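Colleague: Heads up: the sequence lines are chains A and B, in that order.
Under this note's numbering, the first sequence has 82 at position 82, and the numbering climbs by one with no breaks.
Under this note's numbering, the second sequence has 53 at position 53, and the numbering climbs by one with no breaks.
Any given hint could turn out to be false.
Unchecked claim - Derived pair list, reagent style DMTMM-like, types lysine to aspartate or glutamate, alpha-carbon separation capped at 20 Å:
#1 A:92 x B:98
#2 A:92 x B:146
#3 A:195 x B:65
#4 A:195 x A:148
#5 B:92 x A:174
#6 B:195 x A:148
#7 A:92 x B:51
#8 A:92 x A:60
#9 A:92 x A:148
#10 B:92 x A:148
#11 B:195 x A:98
What the hints assert, rightly or not - Taking beta-carbon pairs under 7 Å as the criterion, some of the chain B residues facing chain A (in silico):
#12 28
#13 76
#14 151
#15 172
#16 176
#17 181
#18 188
#19 213
By construction, these hints were calculated from the structure, which means they are not laboratory data.
Predicted model only: the values in this text are computed from it and were never measured.
Think of the CB as a built atom: it goes at the ideal place given N, C-alpha and C, for glycine as much as any other residue.
2 protein chains.
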Amino acid sequence: MKTSAPHIVSAFEDALKRLKSAIVQMAGAAETQLDQALTCLTQRNPELAREIVLSDARLDSFEHEIEAHCMRLLVLRQPVADDLREVIAALKIAGSLERIGDHAANSAKRAAAVGIFPDSAPLAGLPKLGRLVRERLTSVIDAYVDTDSEAALRIWRTDDEVDALYTSIAAEIERSAAATPDQFAAHMHLMMIAKNLERIGDHATNIAEVVYFVSTGQPLLDERPKADRSCDPAEG
Amino acid sequence: MKTSAPHIVSAFEDALKRLKSAIVQMAGAAETQLDQALTCLTQRNPELAREIVLSDARLDSFEHEIEAHCMRLLVLRQPVADDLREVIAALKIAGSLERIGDHAANSAKRAAAVGIFPDSAPLAGLPKLGRLVRERLTSVIDAYVDTDSEAALRIWRTDDEVDALYTSIAAEIERSAAATPDQFAAHMHLMMIAKNLERIGDHATNIAEVVYFVSTGQPLLDERPKADRSCDPAEG
């Protein structure tokens with residue numbers, strides 16, 4: 001439902017399409033970063049970790065380009081209503097994708113660090129958590145491409161799956177740490193990887209909020225379901 | 001140096017002033033959250049921690065209000081150049097302040113969780129790191145209020161102080177954990193608090209980038225100094 005003021009449709013719609021395709025391209029780069037970080041998790045390859053850290057700069061420049069693109073659109077086209085929301089959405093999604101790249105790179109570095117421990121700690125459910133947040137990232141980008149508010153809402157509502165898995169993995173890592181007290185550092189890295197993956201899940205949920213907003217014009221104001229009790233003193 | 005296209009100066013400048021003062025008010029709320037989280041760190045008071053977590057919702061609604069304010073400004077005033085940068089800056093700073101509130105709330109929860117351990121782990125340099133990032137947050141908001149690019153650059157360039165302190169605290173926590181292997185969970189919480197504070201420092205640096213951009217019209221593109229080697233396999 002387009003309610004924006006009249007504009008030279010073809011030129012502006014072209015510009016919005018280019019913006020959207022820049023976001024999709026950036027999302028592809030973030031997904032690749034995440035895939036490689038997950039590979040690093042099972043292979044614990046310092047060489048691959050270094051590559052991932054280096055290619056993180058690519059996401060930074062993607063974000064700068066998208067921001068510049070949005071600024072140009074705002075100045076030249078002065079969009080309103082739906083079109084303005086599209087531009088603001090692109091700014092916000094690019095910010096989330098950049099942070100996802102950071103979390104992936106940090107996870108890869110830590111996976112390589114765990115790799116140097118001779119009898120390294122168990123991975124617990126980390127690859128499973130990685131796959132879950134990877135799927136959610138793909139789904140939310142699909143929802144963005146299709147401007148699909150229902151899909152966005154579905155993703156937003158199932159955020160607690162990530163939190164529940166994260167909480168159980170955190171407990172598993174704590175148990176493993178208690179059983180092998182000489183390997184604090186390795187368990188620390190595993191815990192930080194779990195946190196990074198959970199944060200990637202959060203960013204996918206944030207993107208779902210943005211997609212919902214851009215599709216419906218309404219913000220998602222309810223409290224998101226929360227199942228992360230990893231800080232609960234009872235579980236501390 | 002104002003280079004924007006002509007507009008009804010008084011009304012628009014008033015609106016921008018109101019936007020800026022909304023950001024300053026939100027920053028005040030984020031600073032209060034952080035102060036209370038730091039109090040929690042030394043007092044480890046579960047009651048105070050719960051209050052901090054509850055008042056985090058205030059920062060979320062601040063962010064929504066500022067975003068709505070920015071959207072209205074973009075639609076009604078169609079700003080360009082400096083003025084457009086001001087609006088985009090407000091959007092980005094509000095996003096960072098909201099994240100700062102999250103990190104403060106998470107730190108408070110974890111501090112309370114550490115508190116339940118009878119022989120709790122040492123705090124290492126956490127209060128010092130807390131004060132450092134608190135000062136940096138105040139400075140960067142001052143730089144924003146004064147549109148002071150030099151101050152923003154100074155803050156941006158000294159980001160490595162936070163990273164260096166974080167790295168040394170992480171090492172201290174690891175040593176303490178190795179010495180008291182039955183207290184993995186407490187050390188884990190301390191490490192996560194350190195990470196939260198370091199992230200708050202990162203957000204202050206991100207705000208410095210935004211202030212620099214809004215003051216000069218130029219992005220800060222160089223690599224930020226990095227002294228965080230906490231993931232270095234050598235320190236793993």
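Colleague: With reference to the structure, classify each hint as holding or not holding.
Modeller: Going through the hints against the structure:
| no. | hint | in the structure |
| --- | --- | --- |
| 1 | A:92 x B:98 | 14 Å, holds |
| 2 | A:92 x B:146 | 26 Å, violated |
| 3 | A:195 x B:65 | 29 Å, violated |
| 4 | A:195 x A:148 | 29 Å, violated |
| 5 | B:92 x A:174 | 36 Å, violated |
| 6 | B:195 x A:148 | 36 Å, violated |
| 7 | A:92 x B:51 | 29 Å, violated |
| 8 | A:92 x A:60 | 14 Å, holds |
| 9 | A:92 x A:148 | 17 Å, holds |
| 10 | B:92 x A:148 | 25 Å, violated |
| 11 | B:195 x A:98 | 19 Å, holds |
| 12 | 28 | 23 Å, violated |
| 13 | 76 | 9 Å, violated |
| 14 | 151 | 23 Å, violated |
| 15 | 172 | 13 Å, violated |
| 16 | 176 | 9 Å, violated |
| 17 | 181 | 3 Å, holds |
| 18 | 188 | 6 Å, holds |
| 19 | 213 | 9 Å, violated |
The structure fails hints 2, 3, 4, 5, 6, 7, 10, 12, 13, 14, 15, 16, 19 (numbered hints given earlier, in ascending order).
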